[in-house]
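Given only the sequences and the hints, what does the whole structure look like? Please build it.
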Amino acid sequence: MNIEHPRYLLLLGVALLFLGVMIRSYTRSRKALTSLTGADTGYKGNRFFRRFVLMEGTFLLMIVCILFGAAGFTWGRKAVEDDRMGVDIVFVLDISRSMLARDIQPSRLGFSVDLASSLVSAFPEARFGIVVFKGSAVRAIPLTEDRWTVEKFLREVSPESLGSKGSNLNEGLEQGLASFPNSMGRKGYVILLSDGESQAPISRTILSKYREEGIPVFCVGVGTPQGSLIGDPDPIRGKDGKPVVSRLKESVLQEVAQATQGIYQWGDTPGIDRILWERLTEHARDRNSKKIRYIPAERYGVFLGIALLLLIIHLGARSLPWKDLS
Amino acid sequence: MITFDHPGRLIFLLLLIPLFYFQQIRKQRASVLQFPFSIWRQVKFVPPLYGIRFLMAVSRVCFWGGAVGLILSWAGPSYVLKEKVYLDRGMDIMLVLDESPSMAAKDFQPENRFEAARSVIRNFVQGRPNDSIGLVSFALEAALRVPPTTDYEYFLQELDALSIMDLGDGTALGMGIAVGVLHLKGSSAKEKALVLLTDGKQNAGEILPETAASIAAQLGIRTYVIGIGTPGETYIEFTNPKTGKQYRGTLEGGFDESLLRRIADIGGGSYFYAGNPAALASVFQIIDSLETYDRRAKIQIRKIALYGSFSLGAFILFSLYFLIRNLILREVL
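Top line first, the protein sequences correspond to chains A and B.
Counting from 1, one number per residue, gives the positions in the first sequence under the numbering used here.
Counting from 327, one number per residue, gives the positions in the second sequence under the numbering used here.
Derived CB-CB ranges, DEER-like:
(1) A:I292 <-> B:A604: 47 to 57 angstroms
(2) B:T537 <-> A:N2: 50 to 60 angstroms
(3) B:L381 <-> A:R7: 27 to 37 angstroms
(4) A:I312 <-> B:V384: 21 to 31 angstroms
(5) A:Q258 <-> B:Q452: 36 to 46 angstroms
(6) B:R448 <-> A:T281: 33 to 43 angstroms
If you are wondering where the hints come from, they were derived from the structure by calculation, not from laboratory data.
Predicted model, so just to flag it, every value in this text is computed and none were measured.
Where is the CB? At the ideal position from N, CA and C, for every residue including glycine.
Laid out in structure tokens, this is it:
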């Protein structure tokens, strides 16, 4: 299950506020009715309470259901037409300082570059592009068939290729998506090579754009969960003077892969290049033969349908004669 | 255009008509408690109560507007975008641009030769959808600026970043062609072309232009050559991007036309002369028309779901209704 627009759920706080207003309104209304009709008219007590709960309860639940509908819950999959041919692959390469850690040989960055190079050789008919990111991201190589340029860039890339500091995975993913020009009619894939360290949580908006465009992100976790010092022989130190230990954040990369219908693979898996090649080929072949792709099924209809039903009950309750509530 | 994923659900809008009738029009309802105003806190009401009636009308509009919004969002509204998708691989074109200091000559108004070339290239690229276009620039040396790509946004960004004398003082025509050919070599495109744009004579580089053009021809790459500039003395002015130093002076002598013709002949293309910006634009139009082919394309529909916005609209309207009724009108059920 996934939520497309989780920010709408923040409005549930408004629904809670409404509940408070309703309780206050209930107390005020009972007092008003008593003063208007006297104590024994029968319009207060249980009859009033039942009517109140039916009317206001259905209204409040309807508001909640509308918000759930707006939030865009998805579960299950549905097939959509996909007749795109040819493959475009964009490498989103983390070149932050933490990629210099040597918990994977020769270094996280060196490993990523080797893996990318072997995939470039493995897909002779694909077009490749490269995005590099640290605190900011740039499209270093646009989608091209010119392997010579791609390989040359991979040989030369280093953390110094970008001046910004930090590690902003969102920027990398955004540039990765922007690398695919519209109207090309080709299947797009992003291969994210990173240790998962990011200064900001992953943006749901970006992930949902990937889903809309049908571009899965194949994530490769580079590093180890135990982590490693960055820089040899003089490790980078934090503000407290202690050496900084950089660890692989698998959960971040798994989240990206899951949300975009890609896969996550740990970099140090034996035969990782072959595994990735097989998964990519299988994925592309599957889409070629069936001419369909699967996207998460949006379930707003369930919640909004319930909301409509509650609206009808609410209106029905408003029309109920008072005497029928006794 | 807005469409609905489940248009059948819109029929529920009709349900609102009887509901509206029973709620708002049919007055005699046992659900309404009616009291004489005079007993309310012993205060005499002063009709006609315009403010309250206005607020009640607003709250009703909000409520029924919210109900309509709810049904519309349930029907799955989407904004439909139509996109042209090309079904064939386009051709590859490598633009090889001279950025030697002589390109700063002011004989191409309003700026200079280089800016005129840049402007024409920009228009040319935008008129070649689906073709992979690359960019090489040369002066004393030659460098690939953009590999052949359909990412025109990236291409134009890099084109704008070019500056005169960035690659030194000289004209390495042969190197420029060779670098362009090198990056077209691995292309799977059926048609490949190289467009050389220069105002100078070969005076640098280790590769002869004729040799580079011959290699291009062997690889099936047609070479078009454009000689730009006016004969005679020309005023020149530019700033070295590396040192920030400004250069001013006069330039004499133009390109070696016979060499350029030879390059075009060897490369299987054509030679063109452009003596002013309009002529340069015309030359690019001619090349554009020479390099045409049938493009197969289809229109692809892309939908942007709007149910979230519609639901949010319904939520806002219902909330307004609720707040007016409970906090302002202080309704007693």
